[in-house]
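Chain by chain, the residues:
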Amino acid sequence: MFIKFKVNGDDYEIDVPPAIRLIDILRDHLGLTGTKEGCGEGECGTCTVIMDSKSVNSCLVIASQIRGKEILTVEGLAEDGKLDALQESFIRNGAVQCGYCTPGMLMAAKALLMERSDPTEDEIRGAISGNLCRCTGYSKIVQAIKDVA
Amino acid sequence: MFKHIGHTHPVHDATQKVMGEVIYASDMKLHNMLYAKLLLSPIAHGRILSIDSSRAEKLPGVVKVFSHLNSPDKLYSRYRIIPDQVNCREDERIFTDKVRFVGDRVAAVVARSFDVAVKAISLIHVQYEKLPALVTVEQALENKSVKIHASGNLLYEYDLKYGEKEPLSEDHITIETTTQTQKMHHAAMENHAYMANFDSSGKLTIWSSCQGVYGVRTILADLLNLTYNNVRVIKAPIGGSFGGKQEAIFEPLVAFMSKDLRRPVKLALNREEAIVATMTRPATKSTITTAVSKYGKIKSCDVATLFDAGGYATSSIDNGYAMAKKISRLYSIPYYSHKCKIVYTNTPVAGGARGWGGPEIVAPFEIHMDAVAKALEIDPVELRVRNLVHPGDVDKATNFSLGNARIIECLQRGAEAFQWTKRYSRGCVNSSRYKKGVGVACAAHKNGMYGGFPEHSTMTIKMNEDGSFILNGCLHEVGCGTITSIGLIAAEVLDVPLDMITVSEADTENSPYDFGSYGSRVTYICGECARQTAERVKDRILECASTIMQTPREYLSAEDGCVFRIDREQERLTYREVATIAKTVNNRDIVVTHTYHGRSNPGAYGAHFAEVEVDSGTGMVKVTDYLAVHDVGRAINPGMVEGQIHGSVQMGIGYALYEEIKISGSGKVIDNSFKNYHIVNAPDMPNVRVLLIEAGGDDGPFEAKSIGEAATIPSAPAVINALNSALGTSLSDMPITPDKILAALNCN
Amino acid sequence: MDNIQVMTPESLPELIDALNMATPDSRLIAGGTDLLILMREGRVKCDMLIDLSGVGDMNCIRAENGYTVIGANTTFTDLRNSQMIRDSALCLYLAAGTVGSLQIRNRATIGGNIANGSPAGDSLPALLILDAKIMILNSKGEIKELTLEKLLIDSGKTALSYDEVIVAVKFLTPGSIYRSTFVKIGSRTTVTIAKLSIAIGGDYDVEKNILNGVKIALGSVGRTALRFSAMETLLDGKEISTRLIDSFCKSLSHEIESAISGRTSMPYKREAVKAIASEAIESLQGNKVGFDC
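Residue numbers (the numbering used here), protein chains in the order written: chain A, 1 to 149; chain X, 150 to 897; chain W, 898 to 1190.
Think of the hints as simulated: they come from the structure by calculation, not from any bench. Hints are not guaranteed to be accurate.
To be verified - Below, simulated DSSO-like cross-link-like pairs (lysine-lysine); rule was C-alpha separation at most 30 Å, straight line:
no., chain 1, residue 1, chain 2, residue 2
1, X, Lys889, W, Lys1067
2, W, Lys1067, X, Lys585
3, X, Lys434, W, Lys1092
4, W, Lys1067, A, Lys54
5, X, Lys443, X, Lys488
6, X, Lys889, X, Lys279
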């Protein structure tokens, strides 16, 4: 199936099996390995990307469903090498340890902040409830998001 | 006081991580690579009668199907770090001919694409002769005629004792408690992944997210009959390990297949495989009996443990034995005995998990302490104060000093900060639906392996011509900030900005020898090695500067990346000048290799305080407040110390309340997915307050001690003690899930 | 997944065409959050997917002739963003907020939740008490209506034939004195499959403290989500005293005990149901939001 879609502002037109997962398109076809696979079933959130302004698990979206869509991945956060405020906040607040949950966490946070400014702590924790982290205990991640909100 | 250490820094590759630039093993691509997929046993115990892979082999894109039919039958232990290591029962094969747990390695397909490999797996037909599945330790001990391994189901047994048992006076009571701890999934966000490449020069290179490259090398080289110099193990970036990647679980398999095919082979596990087929925290059952005086002094303690090793031995002998060495680091008990049976079962394989025996025995012990406190009507904090070790005490089990053991200070300062006395009440369980309670737990861990295992580390620091440095050690960054900490230590000594020091990661071809990230040794041993090596480099710099400046060494000092005369400060050279002139004019180099030998193993201590709110209608537990107090000696990187504590508590709450790899009667794993294996997520995680006690006094770098494992150990019992306090119950069958809570409440 | 064909209708006529190509081995995919996992686990065989996500007509929430009509492609996030749903069908609003994580809610659809037919499906108890009717399109282009109760046959099984698709859900828009709520227990507070859930609704007479026309449904206590009509009479038209709530909960507990008597989860659910039922009733009285996330 020929599909046309945008990733990080770039236009793509590729021919892929129609039921291939978005995560595989990103990682294998486009070489964007920042998006990770931690469970393949929408539970861990490491595959989170933003599609049409909403956070989604890219392991549960198939090719036919991304036609005409605009997708933002972790690679699209920084502009010309300048880090996004969220990325800087994560670094500054010690919200990064092993880094495996980080891309998905950033995208979930970015989607939240795209939708509302000044979220409460509960809203932040709710927005990342589908992003598991085993290293940080979440507090510094929540603080990092709060700092930017 | 310090320029670099004692200040918070991010992990060294934080920028790359937030950019999504770090290439983990599963992200790797090599030219001409192949993809592997595993076929794991669907039954818990059985002999493989036949494997028909003909249809799989015919599938276009399939390169080869491997099984016991075409792989070495040499037995090995995935736990072995050094040649001839004791307590490494060699009982596994790359591919087994007898399956011993659901998830055992039956076969693998290597294909040109991952999708083809997956499809091919479904075309392999395996016939098994089913054998009775012994899924509990009790079953395995009872059914001696059903042998999981030829050596019998009892893998190992020990009976450790120290001290003198006093005859019991009337003044004593005896308390007995039994606690079951469960199999737990390490749940690193990154599932295990490897890339192996056997090239035409006869060299094997393997990228593995592992905690000890030299251990992996030992196993692979010996197993595949390669000389050690022809096996290169490169530590890949790790997306979390917590002990789950510290044994060579799949490296032998991937390495063998690559060697056979002479092409790069990648194996990346999915979550189910990581839960079932790698390793789990061991399930244990401990009965603790103490004789305690009315004043609350423990006079004697007898422990009997059953330890579930799962289908293969791996580290279980040492891991089980480690349980016996934990309590004596924490409490001063005149007589302690620990009997333990370490037993094979037809269940997923047990292995080391953060705390390495600590959580498994300390959770039961801290629950026991609360039972003692309840029986004697003594405040739980006070009871512990009366029994905890003091600074300078000797560990009665090993006769080594516990160093500046500040656990009592942790407990007392913590109790004050937590307002323990005000919040703790016994016997006032109110009648409302939501019941609150507080609990406390203490823990001790160690700093390295001195006393039980050789303990040394070697590092090289070389100075570049421009005054920057490269520190070459065999370091394994697991996400906790190791590289940064080592860099900070060196930066502090050399007095240069952190970004002037590059700290390399483990690679057997380039790194000096080091045992790896085990036993909480990295800060204490590797960190001190880095400090001493840096001191020696500084000496060398001063020596070279002395020659260049024609000034006695004693007149010179190094500060801020410069060397200057103490009496005439304007006479100075930058590090760059020293290095360049030394190398190019004076024909000398500034490079130091130093081996540090550990010579002590103090305790690392923590006291945790938890408040919970239990919904007695549904059994759901919410952790509403948490304070962790830790005796860390010195916090090299305080923000990361906090981060380690936060993460430890997340793991401990899961251990206490949610997480369990449950096994059915036939040996199947019931919780084989994050859909039903729940780890604490952001909404359920409390903010953890941290209080650090930095009293120094031991041999670590700038007197630092370990944290990552020490913080995991007290967390589960703090939560369990809090909920038992809230409900007036004595629950100890971990995890304490809502159904167990309601069952207990409805019994009362 | 490489060899699976995917049809991508973008209108109802195209959807009918696609249904004509369907076979017993083809599947409908909307959000994909249930189906893709089942396919990956090998629990569902599939040679062709009909991707519904492009059928724009199926994504809507509107009032029509006294009914609230929700298109099958409406996501749970859409439901959470709907003032109409929040005002008139709070039980559904609350249930929608408990579905998975935000990432899941952004994709999972109400049509998919119904068609998946899980006994733990979060929207189902709410839809049952709303007397929801399911609009089903078939390959002949006919639209038939089926009550949700008739549609849910067994665990994971609905009455849908392979050439039928849910296009919308509708229920009579409740009046202004209608109150409803939904309470769920899982293994943790958020992002969890329901271990037990309850939806209760009725017209609440504030002065007399009476619920009229009470409807009660539970999830995760049977092969499908279930209406508990016998329980409804215990509450209906009676003054809601503490005593009534107490005796109601006890009776409900006995019902659960017999409904799932053989199950290992019975002792827990038999007790926990009392807590969530009383919580639900009390929230109806106080018009408090019950379980929210």
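query: Which of the stated hints cannot be reconciled with the structure, identified by number in ascending sequence?
result: 1, 2 and 6
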